[in-house]
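The listed protein sequences derive, respectively, from chains A and B.
Counting from 1, one number per residue, gives the positions in the first sequence under our numbering.
Counting from 1, one number per residue, gives the positions in the second sequence under our numbering.
Please note that a few of the clues may not be correct.
[Said to hold, decoys possible] BS3-like, lysine-lysine: derived pairs with alpha carbons at most 25 Å apart: (1) LYS289(B) to LYS447(B); (2) LYS417(B) to LYS36(A); (3) LYS36(A) to LYS493(B); (4) LYS269(B) to LYS289(B); (5) LYS77(A) to LYS161(B); (6) LYS77(A) to LYS199(B); (7) LYS438(B) to LYS460(B); (8) LYS289(B) to LYS351(B); (9) LYS246(B) to LYS73(B); (10) LYS199(B) to LYS161(B); (11) LYS493(B) to LYS73(B); (12) LYS269(B) to LYS199(B).
Everything labelled a hint here was simulated from the structure, so no lab data went into it.
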Amino acid sequence: MSIAKSANKTGRSVKGIFGTSEKRKAFWGRYLASLKYGFHVITHPFDGFWDLVHEKRGSLAAAHTFLLLFLVIRVMKLMLTSFQFISAPVQYINVFEEMGSLALPFLILCIANWAMTTLFDGKGRFRDIYMAMCYALIPYILIQLPMILVSNMLTFEEASFYSVLLNISVIWCVFLVFVGLMEVHDYGPGKTFIFLIVTVVGAMVIIFLILVFFSLLSDAISYFVSMYREIIFRLN
Amino acid sequence: MKTIKRILTGLCCLVMILSVAAASAEDGFSTSYTYTYDYWEDVQESPDAYRVATVIDTMTLGLDTLENVRISKPQSLYVRDNMLYICDTGNNRILEIERTASTRFVLKRVIKEMTGSVVNTFNTPYDVFVDPRGNIYVADYGNQRVTMMDKDLNWVRDYIKPTDATFDQGQAFLPQKIVVDVAGRVYTLCQNVNKGLIKYEEDGTFSGFIGANTVSVNMADYIWKRYFQTKEQRAQSENFVPTEYKNIYIDEEGFIYATTEVFSEYDLKWDKAKPIRRLNSLGNDILIKNDRFPPIGDLNWVSGAAETNGPSRLVDITVMNDDIYVALDRIRGRLFGYDSQGVLLWAFGTKGNVEGAFTGAVSIEHMGHDLMVLDQLENSVTLFLPTEYGQTIYNATERYLDGLYDESADLWREVLKMNANYPLAFRGIGRAIMRQNKYEEAMDYFKLAHDRENYGRAFKLYRKEWVEQNIWWIAVILAVVLIVPLVLGRIKKTKWEVIAHEHSKVRK
């Protein structure tokens with residue numbers, strides 16, 4: 001998507017999906033730079049998130065990459081972590097279900113945050129929020145991936161070492177989400193905290209609406225189906 | 001929508017028909033008669049650990065011609081050596097039966113009265129106990145006493161309602177279950193007493209209560225009940241009182257095993273309900289629980305009010321050698337065997353009228369490894385003998401406890417040939433292999449058994465061995481990892497210095 005877009009912006013016709021060779025080079029250079037910029041973001045969150053959005057140092061392509069990596073690593077963790085530390089019923093796991101159950105809430109939370117903050121003078125666009133949230137997942141990726149390997153080198157008794165690092169990765173991510181939203185919307189810490197809670201409530205409302213919509217839809221469909229049947233029956 | 005429902009109903013019917021067809025094997029035993037639970041709490045069918053050998057009832061004992069009184073509402077069984085005692089509650093008598101051969105039971109005595117007491121007969125006796133010297137104890141429920149007689153049925157003494165202030169004097173003394181320890185102390189379980197077991201010294205004096213259930217109230221519960229419920233709701237809901245025990249058994253070491261049926265079903269898997277307990281002399285629960293779930297009977301159940309729904313209600317327990325205990329579930333007529341570590345060995349039994357099924361299972365006893373189950377509605381005792389599979393499990397456990405690890409592993413391998421879904425066998429083999437210092441192989445077995453602790457132990461040793469073997473490689477890699485960046489840094493630094501030097505030259 002973003003590749004095609006960046007090629008389109010120049011006004012020329014798109015040549016293949018990767019555009020001309022200079023365009024391709026420019027895109028890959030920018031992509032790699034924005035990937036690398038992730039390291040700066042997680043170590044210097046306050047400056048990092050500001051520049052990510054306002055100086056355009058991040059890219060959507062990199063954000064997608066981080067989200068995808070997060071999902072893949074989550075599944076890898078369930079599958080490959082030593083059985084001493086994780087008791088996932090591997091025989092029942094559906095990879096796509098597992099990924100969807102993380103990606104969908106993630107997107108709903110982004111939408112809820114955007115919907116709420118737009119009403120209360122948040123500066124961030126949806127694209128900025130999404131990017132900040134994706135960049136905030138980097139510590140999870142960086143710590144959990146090696147920990148899968150480490151878990152296979154530790155024994156049950158050494159579990160504390162393992163769990164401490166896992167907790168650090170999660171706490172780090174939460175902290176980054178907080179700072180990211182603060183910088184993106186140009187809020188103070190108090191307001192950010194309130195809007196984190198509001199976002200969760202908003203996400204619940206969205207889920208509720210989705211469920212209501214689908215149940216009404218299925219009712220409506222079954223209504224029309226039965227009406228159709230009735231007509232066919234009368235005609236015969 | 002309707003079509004979908006129809007298809008679903010059709011599928012359900014098909015599945016039911018197929019499962020009925022699959023459920024009965026050639027020998028008449030249903031294939032799912034014996035089962036175990038795997039790590040994921042799923043039922044795994046297993047070969048039968050026990051088979052019905054014979055059923056003892058009024059006819060086989062010859063009671064219909066001898067006394068012309070059929071057994072009625074029997075409440076308890078007791079076994080001492082090769083003698084079997086049935087507490088024939090409905091007829092106020094005790095039946096003494098001798099086991100002369102594996103499946104041959106001969107009625108020896110019908111104990112209806114004794115000599116020497118003011119009241120020589122029994123009134124709805126609920127339980128019987130016989131000590132090694134042959135003294136017979138009867139929980140004489142209707143006469144509000146526990147009575148003791150010698151082996152020739154001469155009355156010795158009564159254990160009556162304690163006159164102590166700790167016992168509510170307005171209440172009747174209704175003993176339901178009794179056990180006697182080696183020192184002659186009598187422990188009774190009484191109806192409507194929730195302070196634990198009533199304990200008497202050998203001479204009949206009351207010496208206190210032991211093993212009361214502790215009451216645990218959580219804050220939310222308390223506030224809810226105290227401030228938010230109406231008076232009527234409060235009257236209907238459970239009180240904060242300790243639960244009563246259902247049955248007791250004393251093992252060879254003098255520890256009392258108790259079962260209870262009063263608990264909230266959500267507490268079971270978290271080991272808060274403790275339906276099976278092993279009480280020490282202070283009354284504390286010291287049952288060993290080393291499995292994923294505590295011993296609670298069935299791990300899966302359907303909630304609801306129907307008769308066969310809900311968690312297992314363990315009505316009786318019996319303890320064999322090596323601390324293997326078997327609990328009896330009255331809800332679904334099932335027997336659950338656990339080893340000394342609280343690991344489920346097998347479960348079997350069902351509700352029904354055929355052999356090996358029960359309608360009103362009420363008491364269980366063992367003679368060696370043979371099991372006897374009393375059914376209070378069928379008025380019969382079912383004798384189960386272990387199959388080759390069941391016996392091999394016992395032998396393997398025994399060998400292991402005797403320290404014969406290799407022999408035990410061989411027996412576990414035999415068990416695996418009969419049932420490949422048996423975690424205990426994998427663990428047993430793993431332990432034996434580990435003792436031969438084959439850690440990597442042992443790890444595979446422990447992994448199959450989902451045994452984290454032993455896997456950790458084997459892995460630790462394997463890791464140590466691996467590091468010792470590959471120490472040179474590790475040293476080389478470490479050196480490379482540490483030295484290469486150092487050298488690179490050095491080179492970069494000199495490069496910078498050269499550039500800086502040249503710049504300074506230009507400025508001048």
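Right, here's what the structure says about each hint:
1. LYS289(B) to LYS447(B): holds, 20 Å
2. LYS417(B) to LYS36(A): With a Cα-Cα distance of about 57 Å, the restraint between LYS417(B) and LYS36(A) is violated, given a limit of 25 Å.
3. LYS36(A) to LYS493(B): The hint holds at about 24 Å.
4. LYS269(B) to LYS289(B): holds, 12 Å
5. LYS77(A) to LYS161(B): Not OK: LYS77(A) and LYS161(B) at ~63 Å, beyond 25 Å, violated.
6. LYS77(A) to LYS199(B): violated, 56 Å
7. LYS438(B) to LYS460(B): Status holds; Cα separation ~12 Å.
8. LYS289(B) to LYS351(B): Status violated; Cα separation ~28 Å.
9. LYS246(B) to LYS73(B): Cα-Cα ~17 Å, so holds.
10. LYS199(B) to LYS161(B): holds, 11 Å
11. LYS493(B) to LYS73(B): Measuring from Cα to Cα gives roughly 96 Å; hence the hint is violated.
12. LYS269(B) to LYS199(B): violated, 31 Å
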